[in-house]
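J.: Here is what each chain is made of, one letter per residue.
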Amino acid sequence: MATVDQYMRAPQPAQIPTVSRPESTYHSLTTFNLPTGGDRKYSTQFADLYFARLALLKRHVEATVHAAWKDFDLDGERATAVERVLDVRQGELSWVIGTIFMDMKLKPNILDDIIKEAFIIAPPPRETYRNGDKGDRIVIEDESGRLPITGKFLHEFLLCTGCIVGILGTENKNGEFEVIDIKPADLPAQPPRWNLHNLSLKEAGEKPIKAKKAKGKIAIVSGLAMDGHFSDVLLLDMLQEYLLGETGGAQESSQISRLIIAGNSFADMAPIPTREVMMKNGSKSFSAEPNTWNADPTEEVDDFLASLLPTLPITLLPGVSDPTSVSMPQPALHSAMFSKSRLFIRHPTEPENALSWFDSVSNPWDGEIDGWKVLATGGQPVNDMNKYVNGGNRLDMMESILRWRNVAPTAPDTLWTYPYDTDDPFVLRECPHLYIVGDQPQFQTRTITGPSGQSVRLVAVPSFRKTGTLVLVDGETLEVSTVQFAIASEHKKQRNAQRSVSAQNTPKRKPRPKPNTPKNMPKRNGATKRV
Amino acid sequence: MDQYNTYLATQVLSEGQIVTYRSLSRALKVHVTLAKQMLYAFHAKESAKDPESISATYLLSGVLRPPSTSESTPPPPATDGEDTIMESSPVPSSWIDQPTPYVEVTQVTDSPLIERVNEEETFADSISIILARQEELEEVKDQFEEINWIHVYSLQPATPADIHILHTANGTFSKNKNRSLATNDPIFGTIQNPNVRTRTVVNAVPISAAPIKGKPSTKSAAQQPTASRAPIETKPAPKPKPKSSLASAFAKTPASKPKTTPITKQPDTKMANAPTFSDDQDEEASDADSPPPNTELTSAARTAKAARQAQLAALIDSDSDAEMANTGADKTPSPAAAEEEEEVDAMAVDTSAALDAPIPKEETEHATVTNGRRRGKRQVVKKRTFEDEDGYLVTREEMEWESFSEDEPAPAPTKKVKLSAASTASSGPNKKKSTGAPSKQGSIMSFFGKK
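As given, the protein sequences belong to chains A and B, one line each in that order.
Quick note on numbering: the numbering used here labels position 173 of the first sequence as 173, and the sequence is numbered without any gaps.
Quick note on numbering: the numbering used here labels position 83 of the second sequence as 83, and the sequence is numbered without any gaps.
What the hints contain is simulated information worked out from the structure, not anything from laboratory work.
The reader is advised that the hints may include incorrect statements.
To be verified - As a list, the in silico SDA-like pairs of lysine to any residue whose alpha-carbon atoms are at most 25 Å apart:
#, chain 1, residue 1, chain 2, residue 2
1, B, Lys-49, A, Arg-9
2, B, Lys-141, A, Glu-252
3, A, Lys-152, A, Thr-80
4, A, Lys-202, B, Thr-200
5, B, Lys-45, A, Met-8
6, B, Lys-29, A, Ala-14
7, A, Lys-207, B, Pro-194
8, B, Lys-49, A, Pro-11
9, A, Lys-173, A, Lys-202
10, A, Lys-58, A, Ala-336
11, A, Lys-466, B, Arg-133
12, B, Lys-29, A, His-155
13, A, Lys-215, B, Thr-385
14, A, Lys-213, B, Pro-194
15, B, Lys-29, A, Ala-336
16, B, Lys-382, A, Lys-213
17, A, Lys-466, B, Thr-168
18, B, Lys-29, A, Gln-251
19, B, Lys-141, A, Arg-9
20, B, Lys-141, A, Ala-81
21, A, Lys-466, B, Gly-62
22, B, Lys-29, A, Ala-10
23, A, Lys-202, B, Arg-197
24, A, Lys-58, A, Glu-23
25, B, Lys-49, A, Pro-17
26, B, Lys-382, A, Pro-17
Please build the complete structure, drawing on both the sequences and the hints.
T.: Here it is as structure tokens:
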């Protein structure tokens, strides 16, 4: 039946078998849900977040660092541990643990914002906080104080504000710490597969399963960017038809057992306009104006979801352009916006363990799909981190985030964050099997491994509107494949553009002798396996 | 079977419409595979007669051939092509198809930064799905190394200058597509999912009279812990709120009621355990379709009751203002949304002060005036008291919509007026006696149940 000409022939009425999807075993966690109602307080200081983070992570870094450096020997001098940053003695080889802070000239500054409002010529928005390494200062800090760090090896490590690391070196006569090596806490323990599922079975008084095969694939898309104008929506139509199984190849798309939308379903619906947008519109108010409220994007998203939901369970994460809070963690998109899709959301009065077929979740979000622990974000932490890094690979950043055990390291410095006071939920307690980051410039994937046998599949998902990419992850093997949607006339233009660019850049290319060590990777214990 | 020729001739040739395989399958209620074949056959027939008269677009899927750049280090089988990726532009699928030797790739980004990307990490098995116009078809086919399937996507009288216009054909049935998709999926060939789960609790309280007999169903028992975690429960003892929306509604409505008004009331008997796919508009329309049993209530009795309810309302903390604000994201808070919040609200109220039999209260009205008769729907708060598992008497307030019609136009309706075309079609005044006995009560289930 599956011949190329199946559809290119005269109509033959025949009983066409109905196709159905495999089940998606799914458990959603509420790690990143904010307190509700009056318990949500914005009066605390952000410094508490740093204290909580250091307190939570210090012992883990200590364990890793101690194992690595206890026998470190430099010209007969043994390295010693120093408890606090300010206790480092000049000339002694030692290691210390603290939070990295990067003092950069181009970082957002409240004074700059005032300048922007007061003067006509405002500085352009920053693509990066790096200022050619001129005037940028890196310090390590803990409760006791700050210590500037320096050294010729420093540029080999990927660092950004907020990551907690151990550093090895000596203090020089300028009072700066000369770094020899830097180590993160590395990946936390990884739960066994089907962990949450078995826990829930146990709760229900059923027997836990030992080995179960997942038959389906997890589809991931990001950046649907619906604006309610219904222009350039043919790609979305194609995606919808493919997921519904109405295009050719229904067998193939019937393998998809769940859709994850990793942020930016809306094109431009963030509740707080950027300063640049406001300047352009001449508006002085941050609040959304009810008379200019446009419900079309919401309806478009709702229609899209509602058409898929009868056949496909969906997990929806908000992203930077979605109508929810702008600070991390972003609360789930409210069900009131989805008047049609709402029927598939768990009713507030239903028991909490009831499955939401349409799960509108927080960003970041974690849960268990087909037995695998999944961590997903709409992309803001990685995109913000990119501004600290001089030309990094997004996968390196994702890997660092996991090895630092911090889902949003640059929060609260340059990433808007809810002011947690006693806890930092961004600290990674359990190592995921699958780490999904939306809103990235291009599709990339890699498998990393940890010191105690952890294995994580990293997936960077590009914007669908820009690239037409749908990512499929096999529910059993976590192997990744993609489906590319394109329109021929536009596709051709892109190809030509690429060819011309590649022609220009040809001389710059040089073969890389050793593929496995990108220079800006943090040094690590576990080997990196690329698949 | 052959009606497709007539249909396509009318739509495409005479009226100049775009017909996609989807719109054809919906229009003729046939499987999409069949619709694709119909488009193909019709296109073949017509273009044999006059190639200018009709134009087709095609959808192709398969594995793309790598782009033909010639420079290369010794490539792995059948590939070459280190290429450069523009960060801000799509990664062509052709790129992703091939394992390539490790090369340093210079990225041209829209930021001044240069990203180093390991090429292998952009690699994955990839299939491409490409939409092509008739005249591009051969060229596109050449790009494919292997074609999995190809079918006609749409037919139109002339090649569209802007291919995105094809969306309009899908848009014609998209307004009711959710409903048709849900109910008729297998006909159209949409993938089925046996595990689909919708809300089981659309209404907080079961409709049956069982709870009133002192035996709450397991469902309502199960809901109680959930209700107790609602934010409103954490608040201290209820305070009377003169400005709450409930109380103000009670105060206004009796004044606006004319004397001896026949009321049509629609009790709800359906329990929508089965998944329903109707939205609110559907519901209103279907409400209007079925002739409901009607009730009559004298104004005197109503005003007396309203007075009592005003007192009761004072006892009950209805933080509905705060609760409603949560749903404010919606442009017009739909009844269902409001009711959800109200349900939680009402369930939080557990007072033995209200032991009376259920009493209807008026909340809001949506009315239209046609031919001197005022017809519409209004939201009514009803009270139900029953004994729960632990032997406590539990009183609950439920929001309910009922349709009504009156002889004369009333003064301006209360604050939430929504003129609804569907509600104008509400049924005539079939009269039936009712004193608002518990068994006659409906609930918001009427919104979700199919009529």
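J.: B/Lys-49 and A/Arg-9 were given as a pair; does the straight-line alpha-carbon distance stay at or below 25 Å?
T.: 18 Å, holds
J.: Would you check the hint for A/Lys-202 and B/Thr-200, treating anything up to 25 Å between C-alpha atoms as holding?
T.: This hinted pair holds, its Cα atoms lying about 24 Å apart.
J.: Take the C-alpha atoms of B/Lys-382 and A/Pro-17, compute the straight-line distance between them, and say whether it is at most 25 Å.
T.: 49 Å, violated
J.: Does A/Lys-466 pair with B/Gly-62 here, judged by a C-alpha cut-off of 25 Å?
T.: Holds. A/Lys-466 to B/Gly-62 sits at ~21 Å (cutoff 25 Å).
J.: Does A/Glu-252 sit within 25 Å of B/Lys-141, going by the straight-line distance between their CA atoms?
T.: Within the cut-off at roughly 21 Å; holds.
J.: Please work out if A/Lys-152 and A/Thr-80 have their alpha carbons no farther apart than 25 Å.
T.: 22 Å, holds
J.: Given the hint that B/Lys-29 pairs with A/Gln-251, test it: the Cα-Cα distance must not exceed 25 Å.
T.: Answer holds: B/Lys-29 to A/Gln-251 is near 21 Å, not above 25 Å.
J.: For the pair supplied as a hint, A/Lys-58 and A/Ala-336, is the alpha-carbon distance within the 25 Å limit?
T.: Answer violated: A/Lys-58 to A/Ala-336 is near 42 Å, above 25 Å.
J.: If you draw a straight line from the CA of B/Lys-45 to the CA of A/Met-8, is it 25 Å or shorter?
T.: 13 Å, holds
J.: Does the structure keep A/Lys-58 and A/Glu-23 at a Cα separation of 25 Å or less?
T.: Not satisfied, since the Cα-Cα distance of roughly 41 Å exceeds 25 Å.
J.: Mind checking the alpha carbons of B/Lys-49 and A/Pro-17 for me, to see if they're no more than 25 Å apart?
T.: Violated. B/Lys-49 to A/Pro-17 sits at ~35 Å, over the 25 Å cutoff.
J.: A/Lys-202 and B/Arg-197: Cα distance at most 25 Å?
T.: 22 Å, holds
Violated hints, in rising order: 9, 10, 12, 13, 15, 16, 20, 24, 25, 26; the structure is consistent with all others.
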